Amino acid sequence: MSEGEIRGIVVAHGALAANLVEAVRGIAGVEPDALVPISNEGLGRDALCASIREAFGAGRQIVFTDLPSGSAHLAAMLVARESEGVAVVSGVNLPMLLDFVFKRALGLDELVLRVMEKGRNGIHGYRPPTG
Amino acid sequence: MAIALLRVDERLIHGQVVIAWGNHLRSRRYVVLDDDLADSEWEQDLYRLAVPPKSEARFHRVAEGLQVLRELRQDPTTTVVLFRNLTAAMAVDPAAWEAGDALNLGMLHHKEGSSAVRSYLYLDEGDRAAVKVLRERGVRVYGRDLPSSSPVDAAEILGNGSQSGSGETPARG
Numbered sequence: 001m002s003e004g005e006i007r008g009i010v011v012a013h014g015a016l017a018a019n020l021v022e023a024v025r026g027i028a029g030v031e032p033d034a035l036v037p038i039s040n041e042g043l044g045r046d047a048l049c050a051s052i053r054e055a056f057g058a059g060r061q062i063v064f065t066d067l068p069s070g071s072a073h074l075a076a077m078l079v080a081r082e083s084e085g086v087a088v089v090s091g092v093n094l095p096m097l098l099d100f101v102f103k104r105a106l107g108l109d110e111l112v113l114r115v116m117e118k119g120r121n122g123i124h125g126y127r128p129p130t131g
Numbered sequence: 001m002a003i004a005l006l007r008v009d010e011r012l013i014h015g016q017v018v019i020a021w022g023n024h025l026r027s028r029r030y031v032v033l034d035d036d037l038a039d040s041e042w043e044q045d046l047y048r049l050a051v052p053p054k055s056e057a058r059f060h061r062v063a064e065g066l067q068v069l070r071e072l073r074q075d076p077t078t079t080v081v082l083f084r085n086l087t088a089a090m091a092v093d094p095a096a097w098e099a100g101d102a103l104n105l106g107m108l109h110h111k112e113g114s115s116a117v118r119s120y121l122y123l124d125e126g127d128r129a130a131v132k133v134l135r136e137r138g139v140r141v142y143g144r145d146l147p148s149s150s151p152v153d154a155a156e157i158l159g160n161g162s163q164s165g166s167g168e169t170p171a172r173g
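Read top to bottom, the protein sequences are chains A and B. Heads up: the first sequence at position 4 corresponds to 4 in the numbering used here, and the numbers run straight through without jumps. Heads up: the second sequence at position 144 corresponds to 144 in the numbering used here, and the numbers run straight through without jumps.
No wet-lab data here; the hints were simulated from the structure. Please note: incorrect hints may appear among the correct ones.
[As the list claims (entries may be wrong)] Pulled a few chain A residues facing chain B out of the computed Cβ check, cut under 7 Å:
1. Gly44
2. Ser69
3. Gly70
Quick caveat: nothing in here was measured; it's all calculated off a predicted structure. Ideal placement from N, C-alpha and C gives every residue a C-beta, glycine not left out.
Next comes chain A alone, as it looks inside the complex (with noise of 0.2 Å):
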């Protein structure tokens, strides 16, 4: 990881995360630890806090979350409350990952709301015309 780049932590339930983390490798070819995926599979809150202080970088850091209710998300906010550099955004999909993974070296409040958009941008209805 370049010096100064944002790391991406996705915390997420059962295999999400590395579902995420591994499509968004396998689309775009980035460098391993540009993300880094966590399950809360049988990770109480402070194993959890834990996992994701332990991912971190030397850097800044986005803690990407689930659901908003969640735990995993809970214990981001717990960890991103400590931790100088850190935010965390929930709802997070494909989309908004792509974009993360080339933008790392942008101002982190400013990344935070271009990810936001972009996951945003990503979600589509299309109900087809009967008859």
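We have chain A already, so just place chain B on it with the hints.
Okay, now just chain B, sitting in the frame of chain A:
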């Protein structure tokens, strides 16, 4: 009787409780009896993020349990009451429990000295002693992580039963 579920879950207010149980019970209030959380407003704000828009969350110390539960029983708002662990549930004034009360054991993760009852439920000797005390107070204790799961009865929780779910249907929650 507006208390729809009394539950021990170390995650307190979180997705499984508000999404699975909240929708199943149509609960509109989540009450947490936990000393640490009752004393920390910023942590309360974090947990409130998990509460659906038309619902509310309240946080009280365990010592307030008797008064809080009595008030909730008289209030028509459908409520889920949460304890972080069995120690907290056992510390509530015994007079707070009423005949027919059932205590749901949700998620308790593995810890030193604990053994698995289910993948979501690990208990140590202290936990099992608390279950016995609560049963002596007339509380029916059962394990169940989700409304769609089979309940686990106290005999199995205490290590006296079979390894399969009992099929017993909890009267409350």
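Notebook entry, point to check: Hey, does the Gly44(A) contact hint survive, CB to chain B under 7 Å?
Noted result: holds (4 Å)
Next item on the list: Double-check Gly70(A) for me: the hint is only fine if its C-beta lies closer than 7 Å to a C-beta in chain B.
Entry: holds (4 Å)
Check: Can we keep the Ser69(A) interface hint, with Cβ of chain B closer than 7 Å?
Finding: holds (4 Å)
This entry satisfies every hint, going by the numbered hints stated previously.
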